[in-house]
Structure formats: C-alpha cells, structure tokens
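Asks: As you go down the protein sequences, you meet chains Z and G in turn. For the working numbering, add 6 to where a residue sits in the first sequence, where the first one is 1. For the working numbering, add 6 to where a residue sits in the second sequence, where the first one is 1.
It is worth saying that the hints were derived from the structure and are not from the lab. Mixed in with the good hints, there may be bad ones.
The list treats identical chains as interchangeable, and a pair is accepted whether it falls inside one copy or across any two copies.
[Stated by the list, open to error] Here are the simulated lysine-lysine pairs, BS3-like style, with alpha carbons at most 25 Å apart:
1. K96 with K84
2. K363 with K96
3. K311 with K14
4. K447 with K311
5. K245 with K311
6. K311 with K84
7. K128 with K245
8. K431 with K238
9. K241 with K447
10. K431 with K14
11. K363 with K128
Given the structure is predicted, the values throughout are model-derived calculations rather than measurements.
There are 2 protein chains.
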Amino acid sequence: VDLISALKLILPEERLLTGADLAGNYYHIWRMNEPLIAKALVLPKTTEEVSAIMKVCHERQQAVIVFGGRTNLVSSTKPRGDEVLISLEKMNAISEVDLASRTVTVGAGVILENILEAVKEKELLFPLNFGARGSAQIGGIIATNAGGLRVIRYGMTRNLILGLEVVLADGTIISSLKKIIKDNSAYDLKQLFIGSEGTLGIITKAVLRLYEANRSRNSCLVALNEYTKVVKFLKHMDKGLAGTMTGFELMWPSFYAAATTPPAEPKPPLPHGHNYYVLVESLGNDQTNDQTVMLELLETALHEKLITDGVLAQSESDLQWFWKIREDVHSCVSRSTHDQHFDISLPIASIGGELAKIRENLLELEDVNEVYVFGHVADGNIHLIIDKASEELSLKNAINDIVYHPLTALGGSVSAEHGIGLDKKAYLPLCRTAAEIALMKQIKIQLDPYNLLNPGKVLDLP
Amino acid sequence: VDLISALKLILPEERLLTGADLAGNYYHIWRMNEPLIAKALVLPKTTEEVSAIMKVCHERQQAVIVFGGRTNLVSSTKPRGDEVLISLEKMNAISEVDLASRTVTVGAGVILENILEAVKEKELLFPLNFGARGSAQIGGIIATNAGGLRVIRYGMTRNLILGLEVVLADGTIISSLKKIIKDNSAYDLKQLFIGSEGTLGIITKAVLRLYEANRSRNSCLVALNEYTKVVKFLKHMDKGLAGTMTGFELMWPSFYAAATTPPAEPKPPLPHGHNYYVLVESLGNDQTNDQTVMLELLETALHEKLITDGVLAQSESDLQWFWKIREDVHSCVSRSTHDQHFDISLPIASIGGELAKIRENLLELEDVNEVYVFGHVADGNIHLIIDKASEELSLKNAINDIVYHPLTALGGSVSAEHGIGLDKKAYLPLCRTAAEIALMKQIKIQLDPYNLLNPGKVLDLP
C-alpha cells in the first residue's frame, strides 16, 4: 500500500489534506508567505492515531514534521517539501483541572491562552507567559521548552511539566501522565523530549503544574545609569520581594525610546535619556501591603542611589501601560528596514559590558542602522533586534558572528529560549562542546534511527 | 597491564586502596556493618583522573560504583564485590561563589552542609535541605535527584542545577559548567544524568543555582481532624503566603506521638489526640510583617473551621522545637523492633483515604506493630516507617505489596525521592510502563554498552 492509501485507513478524508488543499496555503506559517509543500498534512485527534500514523511512516521511512501554533522563530517547523506534516491542532481538549493536585491535563494542540483562561476560572495560575500566547500550542511550547516573562520565579516550561505522553518514531507510545511533583522512579524520560524541538518524539498530551492564583500584581519602572547598579538593584528587589518577584525586565535606551515615541502609542512613564530601564513585577496576595513593600524598596534604592528615578504602577491601567512598552517588539520591527532577531544568554555580570561592545561592533557595519536591546536580565537572557538595510546573506552572517562569537568565552548560549531549529544550527558549536554534540547525535540516532522526526533540525546527521 | 597496575599509573599509592586496606572497613556504609569488598577503591582528585580511571576500566570491561556520602536508602551504592569503587570525596572544592549570577561551582565530593555554610556567608541560600545534609555529597545528591523539605517552593535537586560535568563509561568528559538559567541550545544533556543513580555517567562537578538569603523564617503547627481540610488548608496557606511558603509537612498521630512522648525529648506543642498535624514554614524578608501574615492566616483558618487548633513559633527556639519533632525519624526507628521505610508519592487528593487503608491493611499483618506516617504532603510525597517483629523476607514482601500495589491505579510512584537502587527494582513496573522501562534500557545500553556503571542498580539488563 502506498503512503497516502495507508494514511487513509487511519484518518477520514477531512483530516488528511494533500495536493491542491495544501497548495492553497491554508496552513500559514508565521512570517512565511509561502504555500505549504508536503506529501500530506494530517490532523489526528488521538494519541493512538498519531501512533498509527508514525507506524505507517516508520515502515516507509517517511519523514514527518509536527505542527503546533507555528510561532517558532528559528524555522523549527519549516518543511523541505517531502515530509508528512502532522498538525496536532485537533488534540485541543483541556481534559481536567484538578484543584487538589493543582494540575491541568491538556492535549498538545491546546493554545496557551485557553489554558490560562481555563485555570484562572478555578483561581489557579499557569505561570507561563509570553508574546505568542494567543497562538502558540502547548505541545510546541513543551517541545521548545519556552521561557518568557516569569522564568525567574517559576522556571522554564520544563519546570512546569509533571506528566507527558509522547509517540516515538516507530509509533511506540511513552505515556506517563502523573500529577505528582516528586517522582524518582528511575530515569525521568520526559526530560528527553522537553526542548528537543520535535526531533526525538511527538508530544501528544501533558499534565501541567499550576499555582494558586495571585490576588495582587504590582509593577514599577525604574531608570539606572550604570550596569553594575542593575545587578545590585536586582538583588535588592529579589531579596526585598522575597518569593513574590516574577519579572525583572531590562530595556536599553534605543528600545525604550522606540516603544514610547510616536507612532508608538504609549507615553514614556520615565523621561528618555537614561542608560537603563528596568520593569519589575511581583505577584502576591495583598494588594495594599505588597504595593507598600515595593514602594519602600524603591525609596531605599533611590536613597542608596542604586536607581536615579522610579515610578510605581498605581492602577491596572498603569500596569497595562508599563507592560505594553516592554512587550512592544513591534515598534522596533516596524522601524527597521529589515530586522534580525536574537535571544542569547550570558552570565549576568557580563551583560552590561558585552552588550555595549556588541552594539558598538554592529553599528560599525555600514548596513546596520540601529540595535534594539532588551531582555529578561534576571535569567541572563537578552534579546536583540537589528535594524539592517538588506536581507543579504553576507550581512546576516556578519551580524551573527558579532553577536554569537563572544558567547563561547563567556559561557553563554546562542539560544536562551527560541531553540536551534534550522537558523542556529551552524552556531551550536559555539556553546556546546564537540563531545556534547556527539552525544546528542548518539541519542537522536538511538531514538530515531531513520531520522524521520523533524529531519535536518537542531543537528546535522550523516 | 593488569587493572591495578594500570590504575597505579594514574593515582599515587595513598589514593588507591586494595586488599587489607579495604577489608578494614574504613569505608563504612550507612546502616551496613559489613567490610567493604572490591577490587580497589580509588580516590581521584580531578575530572581528568576520573576520565583516565574510566578509560582503564572501559578497556577491561571493569564495573565501577561511585561513592558519595553513602547515605542512600535503597542500596544504590551497595557493592557486589567485583567492582572498582570510585569515591569522589577528595573532589571537595567549592571553587566559586558568584554573587551576580547567584551560583556556586562545586566538586562532586562537597558535603551539602558545607555548601549551605559557604553561601550563607555571602547572604545567599542554597535551598536544598534534608536530614542527611551533614554527610550527603552533592554528586550523590544530584545522581539521586534528592528532594527534601523545601521542594514545594524550590523544586527537586534537578531544578537547582545550572551546569554539570560528567564522565561517561568510556571516559569521555561531557562538560557544561554554565551559570545561566535559560539555555535552549539543543538537548539539555544534564537532565539525563540527574536522578540516574550513577548508571549513565559519573557526575564530577556542578554549578548550582542560589537564591537571596531569607531575612525571616516563620513556622506554625496546626491540628486538623479531616483530610479534606488538610487540602483546603494547604491551598489557603499557599495562596496567603504568596511565594514565601517553603514547607507544608503532614504528620499522622502515631508519628506525632512518637516524636513528642518520652524518651523523645520535645513536649507536644499541641495536645495529642488530633487526626492530623501540619507544620508550615515560610521564608521571607520581614520577620514582623511575615509573622503577622501567618498569624492572620491561622486566625482565618480557625474561624473557617479548617483547623481545630494552631500555634505559631514565637522565637528561634520554638522553630527548633517544631522542626525537631518533624525531623525526628529516630524516635520511630528506636521504638521499632525492626523498621522498614517508604517514600511513596501519590496525588494529593487521594492521600488521606489511601494512607488510612494502607495503614489498616498493614496492621492486620500479625507481625506489624505500628505504622508511622508523615510527609511532604504538598508534593504528594508520604513517608512510612513500619515497626515490624522480624526481618523475614516474606514479611518484608507482604509489607511492600500492601504499600506499593495501590499506587498503580492512583498514578503514584514507588519512589518520590530516594530512588530505585537495588531495593525497589522489583516494584518499578508498578509505576512505569513496559514501554518506558524498555526505553530506559535502550538509553542505558546506548550510553554504557558494557554495563560498567553501577551495574544491577535501577534496571535489570540482559
């Protein structure tokens, strides 16, 4: 039986798309206005269907790519054209919110925002939060080990996964949908699949850890003039806010100006002209008391000359205002002729000096117009958006070299949260040793000997 | 060259023990008054020495066991007699406390308590905390993925590891000693080794994540009469204490009585006769305010009849008093004719009913005298100590069956934190599927094809 006929035995017609249906570009890939070319796109509804699909593909050594919300930024779901595409969007059931265990059990295709809403109703919090929350699906989020805005307190996606169900390349189902926080019963297999970008297995279901919903939310925006004071201010706030600090976001002047100057809508809460701006967030239980604590910490910081200016959000609209500025990546992109994005990480102490050097080196390139810098500094994760004159490959590579090369000596990473995909594969050896990469390949070959799962992504195999 | 001669080329005489030196039982294994029998015990000082030792062993297909503090409770470091024992106790350097990154870089042989002290001096906190802190070494702690008393807030050991250096079975060094919280540069290899009980690689060095030291510590002890109220009280306290709750420890009456009745020294802070006792801990920043918050939460809980009685620690000596009771495993052991220990986990909602049933079933066995139950209930992790009349194997197995068998249907685990080792190997299939265990074996064989690393532990290989 040929591939398509074999798939037809598993799926009804409306969940198996081929030929013209695909060419119609129904499945739009973010920032890629290209029609989708593939042998087929399948829409399974159950783990058993995914398993059956993989058995068919495994028998025929047919490569596959798994589609989630396709918001990935490193071409992790970009097809070559000869794959079967498995979209998990129909596995979108939130099957259980468990109030006592404080867990939610979800299909891989559930959109993050729907999870946030479903648990909020039960006065629980799923702390994962990032820009693409309205379209990113939890399966892809787990496969990417997404980070976001609250990692300092709640960790990466990895830390929020209690149970996972995965289909291997040969169709074997590895299922462990436990709701328990502590489980040392031999190897923790789920760790293998989290962050493997669809190259080791297909995530079909997960049990997520939830927290009690916060009753208070406070934010302040401060200005500082020296990077060493940013580090001291981080320690000051983290200590003072005890366990309640959830965000510590740093913005360099070019980013802050872009997000607070027309056509950007928000006015600047603090004047332009400072060297660093930090947005701090706490999630707590008592609005009045927590606000007082934050205010006192700001007063001490001002008194000790850690910060030069500061403003506390006094209302929900202030909160929205401050966070709109920080989350406004669009203003940098729209001001750019062409844009190139980075999500590096490096040790906190090095960030100030290194980013200044990187920015300077980038601006020396004739075709670089501006460098916007911002990031989750408490996690060591800095984002750059480069405004450049063209999409020329030589320029792109020159920019990559300037940003990535200092990271090796510093013990940094070419990807803090976006992953490797296709785009960063060439730079992986800058932050992982040859022995590490060899071991990764060994594991990949062991789990997927025909290289069927997302081939060509993350690692180059023989 | 024979094994010992080859090892002599790597290590000086005083760091290579054989024959009579070993038989002298110099290396005492906790709770095992047996002389150590092995081909040799080696004491490397560097990762390179460990690598050279493994190359020698790999060439000769010589099995090894790694020794840390040997406080393991499931015979994970028990020798068969034909192994080379590698004790990492001389790799005990705390090489750097980084105040900005809030990390400490340590050799595998550093004792936990020494880490706690070293970072405390810098006003930082390494939140791992458990009974064996005075002898457990960090390498073994990571290899076990130890849990302990503060998992609810800070997670298991896994969540506290930023960088790891490991020697594979063939001597390859896999080193990634990064200090960054976010790193999605391809597969997170360290996750493989954490919790693998020395069967996949030898951990030689680690970078640990630190937190700002707390300025306040508060605890309260409460009594409750229904298990459903324990769950409600957990949610009440967790919400109210926002991010500061670090412990929520449940004690059943038999445990509480044993720890507060002579010859146990402490008096009972609350009278005997209640059904459940909970000890809550918070680590915060402001002693006065945090104590007021805890007091108000207790008052609400009393008013809402969640708890029937409660007492707040008013001083450091109260804190010591309450925690001495909770940490007093000794009183249960010393009251037991023979003792058998468990560290199961199960979903929080099921704990009350299931543990009552398990206790009842155990007490129906003629040779079971008493069942002491306590645990980290917020993590789903319950400990049992069984006072039994004999060490007979049939009794031991009958007890194991009663405790372990309900866990399968509940989605629980036969080991929340102690690991599998030798002792729980037979029960692993109760909480992991055949497909999971097959995949574990596949990974083990791939990384250690001659089965040299801690053979016979965790998994049975052909």
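Asks: Determine for every hint whether it applies to the structure shown.
Replies: Outcome of the hint check:
Only within a single protomer do K96 and K84 lie at most 25 Å apart by alpha-carbon distance; the minimum there is 20 Å, versus 50 Å between protomers. Taking CA atoms no more than 25 Å apart as the test, K363 paired with K96 passes in neither setting, with 47 Å inside one copy and 41 Å between copies. For the homomeric pair K311 and K14, neither the shortest alpha-carbon distance inside one copy (69 Å) nor that between copies (60 Å) is at most 25 Å. For the homomeric pair K447 and K311, neither the shortest alpha-carbon distance inside one copy (51 Å) nor that between copies (58 Å) is at most 25 Å.
In this assembly of identical chains, K245 and K311 lie within 25 Å of each other by CA distance solely inside one copy; the values are 17 Å within and 34 Å between copies. Taking the shortest Cα distances, K311 and K84 never come within 25 Å of each other, neither inside one copy (49 Å) nor across copies (58 Å). Taking the shortest Cα distances, K128 and K245 sit within 25 Å of each other only across copies (13 Å), while inside one copy they are farther apart (30 Å). Taking the closest pair of Cα atoms, K431 and K238 never come within 25 Å of each other, the shortest separation being 35 Å inside a single copy and 49 Å across copies.
Proximity of K241 and K447 under a CA criterion of 25 Å is satisfied in neither setting, with 39 Å inside one chain copy and 44 Å between copies. With identical chains, the CA atoms of K431 and K14 are never at most 25 Å apart, being 35 Å at best within one copy and 43 Å at best between copies. For the identical chains of this complex, K363 and K128 are neighbours neither inside a copy (48 Å) nor across copies (30 Å), given an alpha-carbon limit of 25 Å.
When the structure is compared with the earlier hints, violations turn up for hints 2, 3, 4, 6, 8, 9, 10 and 11 and for no others.
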